[in-house]
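K.L.:
Each chain is listed here by its residues.
Protein chains: 2
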Amino acid sequence: MSTAEDTLGEDVPWGEVTPEAARKLLVAAVEAFAERGYHATTTRDIAGRAGMSPAALYIHYKTKEELLHRISRIGHDKALEVLSAAAERPGTSGERLAEAVSSFVRWHAGKHDTARVVQYELDALSAEHRTEIVELRRQSDAVVREILREGVEAGEFDVPDVPGTTLAVLSLCIDVARWFNVHGHRTPEEVGALYADLVLRMVSARK
Amino acid sequence: MSTAEDTLGEDVPWGEVTPEAARKLLVAAVEAFAERGYHATTTRDIAGRAGMSPAALYIHYKTKEELLHRISRIGHDKALEVLSAAAERPGTSGERLAEAVSSFVRWHAGKHDTARVVQYELDALSAEHRTEIVELRRQSDAVVREILREGVEAGEFDVPDVPGTTLAVLSLCIDVARWFNVHGHRTPEEVGALYADLVLRMVSARK
Chain A
34 MSTAEDTLGE
44 DVPWGEVTPE
54 AARKLLVAAV
64 EAFAERGYHA
74 TTTRDIAGRA
84 GMSPAALYIH
94 YKTKEELLHR
104 ISRIGHDKAL
114 EVLSAAAERP
124 GTSGERLAEA
134 VSSFVRWHAG
144 KHDTARVVQY
154 ELDALSAEHR
164 TEIVELRRQS
174 DAVVREILRE
184 GVEAGEFDVP
194 DVPGTTLAVL
204 SLCIDVARWF
214 NVHGHRTPEE
224 VGALYADLVL
234 RMVSARK
Chain B
34 MSTAEDTLGE
44 DVPWGEVTPE
54 AARKLLVAAV
64 EAFAERGYHA
74 TTTRDIAGRA
84 GMSPAALYIH
94 YKTKEELLHR
104 ISRIGHDKAL
114 EVLSAAAERP
124 GTSGERLAEA
134 VSSFVRWHAG
144 KHDTARVVQY
154 ELDALSAEHR
164 TEIVELRRQS
174 DAVVREILRE
184 GVEAGEFDVP
194 DVPGTTLAVL
204 SLCIDVARWF
214 NVHGHRTPEE
224 VGALYADLVL
234 RMVSARK
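Chain order of the listed sequences is A and B. Just so we're on the same page, our numbering is the position in the first sequence counted from 1, plus 33. Just so we're on the same page, our numbering is the position in the second sequence counted from 1, plus 33.
Errors might be hidden in some of the hints.
When chains are identical, the list treats them as one kind, so a pair holds in a single copy or across two.
[Claimed, not checked] Okay, derived cross-link-like pairs now, DMTMM-like style, lysine to aspartate or glutamate, Cα gap no bigger than 25 Å in a straight line:
#	residue 1	residue 2
1	144	154
2	95	53
3	111	179
4	144	156
The hints are simulated quantities; they were obtained by calculation from the structure and are not laboratory data. Fair warning: this is a prediction, and the values are worked out from it, not measured in the lab.
Work the whole structure out from these sequences, hints included.
P.N.:
Structure representation (structure tokens):
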């Protein structure tokens, strides 16, 4: 359905999922999983939310786990893309770390329902899918660790424990999905800027 | 059952819950909620895990929500107690902040199942219970904010955004419950020490 995609542009949630019925079902699954949890959601619930019959769902997804895997895969690909884009920018290590943190935070705040499903339902994936997703997480981790390592090497950062600090930086960004409230008084951009500053302080970045 | 409590001491999980049948049910509920989520768990599941009948459960808890509220209340009381104890210690603001962070982290790492239920299932509480718990969270937040405010006032910390930094500090500690793995290579004490150092850097504490 490339015509629909071209017309609707990037603003359509999950625009990469086609055809339209498969996309609608995936949007419904994200909502249901975020609201009630994976285990409390049935494929019947998801079909109902999307205004379809359970039989229509099975045309696109054989199991509930297939839906979760699709969501998790796209979400983790996106997270890795966001971090890699920041890491590959020109600039100092501090500038690249600030961009990685602020864009990762904006993603977790802006897409908090998706992020909660992606971050909290890993245990519900099949063993095979879990291995695939854990590898993507390892890659995201490596992108941030490499920015820290380069900053230390350049004398720009002071980080005694690079793997531990990497874990803390990613954890801080991920938890935004838990507490971020669209009705709160901070925008995703404001949280991103605050967190970029706090993380630069964590690594004792030279100003 | 004070005899059992006295004999078993503080190491009995949820030792404050009596009688023993009520304690066992609560332990089973924490396990089930952490594993499958609140909405996917039935009172029958909980009774079964505790080796009791659903009728035996109803003697102690009228509803599943009553169990969640009890868990959430005790968990939030404990979190507030941990933070308050650190805040009331003698010492510099930096020492008190380091103690607040390391003890809060140790609690979230050591009791990660409880912490996940306490932190992720707030939306499942009744409106009345939610109001009560939100007030406890507001108090925990105020304890940390006050340490930061005092540190700034004493010229010990440099914190441009005290409420935002308070939020980030608590969020960093809370997310330990998500990623902490008892089979991982860091102990709760090691994570606590690392995070205390990172948070002192966040507030630019004078060494």
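K.L.:
Now look at each hint and say whether the structure bears it out.
P.N.:
Results of checking the hints against the structure:
1. 144 with 154: So residue 144 and residue 154 pass the 25 Å test inside a copy (16 Å) and across (19 Å) alike.
2. 95 with 53: within (17 Å within a copy, 45 Å between copies)
3. 111 with 179: Answer is within; shortest intra-copy Cα gap is 19 Å, inter-copy 38 Å.
4. 144 with 156: Both: 21 Å inside a chain and 18 Å across chains, each within 25 Å.
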